[in-house]
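Top line first, the protein sequences correspond to chains A and B. For the first sequence, this note's numbering assigns the number 1 to the initial residue and increments by one for each residue that follows. For the second sequence, this note's numbering assigns the number 829 to the initial residue and increments by one for each residue that follows.
Some hints here could point you the wrong way.
Stretch by stretch, here's where chain A covers chain B in the computed footprint (C-beta under 8 angstroms, at least three residues) [what the hints assert, rightly or not]:
hint	segment
1	853–863
2	870–881
3	884–897
4	901–913
5	917–923
In silico lysine-lysine, DSS-like type, Cα no more than 27 angstroms apart, as pairs [claimed, not checked]:
hint	chain 1	residue 1	chain 2	residue 2
6	A	Lys717	B	Lys909
7	A	Lys734	B	Lys909
8	B	Lys909	A	Lys26
9	B	Lys903	A	Lys240
10	A	Lys441	B	Lys900
11	B	Lys909	A	Lys510
12	A	Lys35	B	Lys909
13	A	Lys250	B	Lys903
14	A	Lys73	A	Lys2
15	A	Lys665	B	Lys900
16	A	Lys503	B	Lys897
17	B	Lys909	A	Lys235
18	A	Lys250	B	Lys900
19	B	Lys909	A	Lys441
20	B	Lys903	A	Lys257
21	A	Lys61	B	Lys903
Treat the hints as calculated values from the structure; they're not laboratory data. Positions of the beta carbon are idealized from the N, C-alpha and C atoms, including for glycine.
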Amino acid sequence: MKTINIAIDLGTTNSLIANYNSGAVKIYNNPLGLKQTLPSCVAFRGNRTIIGDKALDYLEKDAENVCMLFKRKMGTQETYFIPSIDKEVSPIELSSLILKELKNFVSDGDQLNAAVITIPASFDTIQSNATKKAGYLAGFKEVVLLQEPIAACLAFANQSNLDIESSKHWIVYDFGGGTFDVALVEVNDRELKVIDNEGDNFLGGADFDNLIVEQIIVPQIEAKANITNLWKDIKSKASKYKGLYFELLKKAEEAKKELSVYPETEIELDIDINDFNLYNQIVITRSQFEAVIAPKVEQTITFIKKVISQNQLINSQIERLILIGGSTYVPLIKQRIKEETGILVDSSIDPTSAVVDGAAYFAGSKPTSIVVEETIEEEEVSTVDTQIFYEQNTRDLEELITCKVEGAAINYRITRNDGGYDSGIKTVLNNGFSEFVPLLKGQLNRFKIQVLDKDLNALKTINTVAINQGSYNVLGQPLPIDICMEIDDIDASTTRLEQIFRKGSILPLKKKIYKTASKSILKGSESNLIINIVEGLSKGLPSSGLSIGYIEFSGKDLEDDLIKGTDIEIELEITESRDLKINVYLQSCDQEFKNVFSESERAISISKINMEINAVLSDVEHLITEQVEDENFEYSSKLEQLRVGLIEIQIETTLLDEDDVSDQKYQLDDKKRKLIQTFDTLTRNKVIALEIEEYNNSKEGLEWQVNKEENEKYRPKYLKVIANEKEVINSGDKYLIRAKIKELDVLHNAIVQSSDENFIGYFFGIRYNSEFTDTKKAQKLIKQGDDALERQDYKSLKHVVYALFALLPDREKDKQKQFKDDSKTGLR
Amino acid sequence: MLEIINQVFSIQLKSNKDNLTLFNRNIDRINHEFEALGFHIINPIGQTYRNEMTDVEANITGDFNEQMKIVKVLKPIVYQKRNDENTLVQKGIIIVE
Chain A
1 MKTINIAIDL GTTNSLIANY NSGAVKIYNN PLGLKQTLPS CVAFRGNRTI IGDKALDYLE
61 KDAENVCMLF KRKMGTQETY FIPSIDKEVS PIELSSLILK ELKNFVSDGD QLNAAVITIP
121 ASFDTIQSNA TKKAGYLAGF KEVVLLQEPI AACLAFANQS NLDIESSKHW IVYDFGGGTF
181 DVALVEVNDR ELKVIDNEGD NFLGGADFDN LIVEQIIVPQ IEAKANITNL WKDIKSKASK
241 YKGLYFELLK KAEEAKKELS VYPETEIELD IDINDFNLYN QIVITRSQFE AVIAPKVEQT
301 ITFIKKVISQ NQLINSQIER LILIGGSTYV PLIKQRIKEE TGILVDSSID PTSAVVDGAA
361 YFAGSKPTSI VVEETIEEEE VSTVDTQIFY EQNTRDLEEL ITCKVEGAAI NYRITRNDGG
421 YDSGIKTVLN NGFSEFVPLL KGQLNRFKIQ VLDKDLNALK TINTVAINQG SYNVLGQPLP
481 IDICMEIDDI DASTTRLEQI FRKGSILPLK KKIYKTASKS ILKGSESNLI INIVEGLSKG
541 LPSSGLSIGY IEFSGKDLED DLIKGTDIEI ELEITESRDL KINVYLQSCD QEFKNVFSES
601 ERAISISKIN MEINAVLSDV EHLITEQVED ENFEYSSKLE QLRVGLIEIQ IETTLLDEDD
661 VSDQKYQLDD KKRKLIQTFD TLTRNKVIAL EIEEYNNSKE GLEWQVNKEE NEKYRPKYLK
721 VIANEKEVIN SGDKYLIRAK IKELDVLHNA IVQSSDENFI GYFFGIRYNS EFTDTKKAQK
781 LIKQGDDALE RQDYKSLKHV VYALFALLPD REKDKQKQFK DDSKTGLR
Chain B
829 MLEIINQVFS IQLKSNKDNL TLFNRNIDRI NHEFEALGFH IINPIGQTYR NEMTDVEANI
889 TGDFNEQMKI VKVLKPIVYQ KRNDENTLVQ KGIIIVE
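Here chain A stands alone, though its shape is the one from the complex (with noise of 0.2 angstroms):
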């Protein structure tokens, strides 16, 4: 049996939207803009259609065209004359688009076809079949009303689980945003029925708002800036004090939510009143708030006394109170409510959502009287042809969209992915339409275009539209390889290269990125830090690349000393004529090195160039023997002549002095840097499917551990760390694969250590160690550990672990005297 599942709180103020799905209720976000309300008002602007929450943005400004609160019309003849497109709008027009809105929050699931729409419990027979008819006009075959105190004492039952066994008696008490009302409920255990109603159409929490600015805000600013009649001025609408109004209306809005949760608050201002600038800070206790507020508050409190009198009840036959709409997080409110009537006062279902989310249970049980038909209907047959146009790459903050559309398409809608750009409705002219639509600047922003008929269903959806901002321009030219940079890489004893601006990149460019020192410069010392851009693939070895910018900061540039682990702020730029310019700023000196590369001059030394080679040489000798006793001639003798040409190169350098002025030296660069490129491809594929062999034992690893039936909770998180591993692995780049096997290695060890008794593979693993640095210490630990084992005390064995594991050598520190000081760039 199908049921209903999809709820609709339709508000005088608010609406929402939520669906039922086997046992839980999912309220929808509004796609555009973060809420789950979407403001009930629609504003029309010639031919553009505005709902919700920009809709309110016309409210001041063009009040005839602004449609709101037109739910209290719903059911009377009065229409609504819009001139700015000279027609008459009924209630139910307004609110069918209010509903159609509400079905563009789905974005899961079929098709709507049947809902259950909430009214107030003062709703007669017509106005519940205008709503009714209403939600027909919105495209749903099905509608079935429900009433709202019933969907809040629906949410409140089913949230704490109550078995009503005998009649008893709830009162609904709803504060709005702008409306007040309070129902009177009989509970059995077969129904839920409105017995009674009262309310106020013009009392709710915006009132609060203007209250806090009228009495406690504007009051105080008089007093501080000397003026009077200020909350009148800021009102009228030729006001000098222009916008202050909604400025000290937001701000009292925020004070009002925290002074629900706090005793007292407060508010900053920062205004200009008569060329003079306020600058003040004004708090606001809760007791001020509170009593400003009162009269509002006891005003409700004669709404409840008056539906449980003329019901010819006392207040101890109520047997709860349930608290609904977002004013009623005041807390003066059920303080107040419980002082007068002494009613037991329910505030724990969520008051904005307890309408829509008891509604959604409600539809969750009711069985739908439509039939899907078996043939799968086509979700949108295409009577329309759409041909578009816009830019794909542009560095303007705006682009046109233009779109020629055949067949019987009458509006559109374009609506930028993120939620920060939506057209509204509009009408296509001429059949087509341009639109200019704004850019989030260095992102890539996907649109959505709908082509609507004249009842807003979508005819076609392009989905396709994806404009880059920033990233290339027919004018710009492209950066042709890698601009990188040298760092340290500790864990192998040598530096590498890590990426500053991607190949493809379009000058001019600039960035800052922050690194850390990973030594300490004295002041006046001879050590130094070296800063070296260089021009060449980021995956291959630093002296592969061409060196562009090259600097020596040593200890005697310094004002103070540069200490280990402090930040190093290196702002980088490439001008479109490819001049490169650097700042560097260290933190620990307080002292900035401007411009240091605006002459592009190469130093290369031939020290450097040595010691590059020197380093690259060993690994190729190393190689060499591996290739020849593995039978790899063919391999064997390709690096054989790599080892030749390098060894020239050292004869040669031999032969110049550092101080060589021709241009010897640059030759010799060169032809290192080709060579060393040759050795870089020949090994590299290698290096990667070692990197990657180690990578799938890891996680094989990770994976039987994961599988094991008490680890199950661990699946998530290895999940997420594998879920990008195919681009991790097809990259190429032996860092980010390093990083990759670094992380399932942590969570290995954190399943593992979650238990004591996985320490006996450990124990077993180290006690065969030959390295301890104390074997006296260590044999004392491994008796302990042995005893322990046999006592299957795990946890006496895990502390012997860690106590051996303390006795290894310390590798990571080895590493570091391994990497010579003068090899190191000083940055990591």
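Starting from the structure of chain A, add chain B where the hints point.
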């Protein structure tokens, strides 16, 4: 996290107002960290306001026209990158004139 972003934004506004350049480097550094966490923070001050901007909550003073400018930003616009897609996580709160 959004509250931290808002506070840093507010510090930035105040120090700009009093021409305090002293903290610029620190604020830049903090903003860099936000970017690294996937946050994209926008201060739309001075931009022309369009009603189509669903990433701001506008409080409009004066008459509605094409030349409306954003004159005050109480909270910045914040997007966050999730699975390589941007999502709005905070609407900017602005005053438009």
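When the hints from earlier in the document are held up against this structure, which numbers fail? Hints 14, 15, 16 and 17 contradicted; others consistent.
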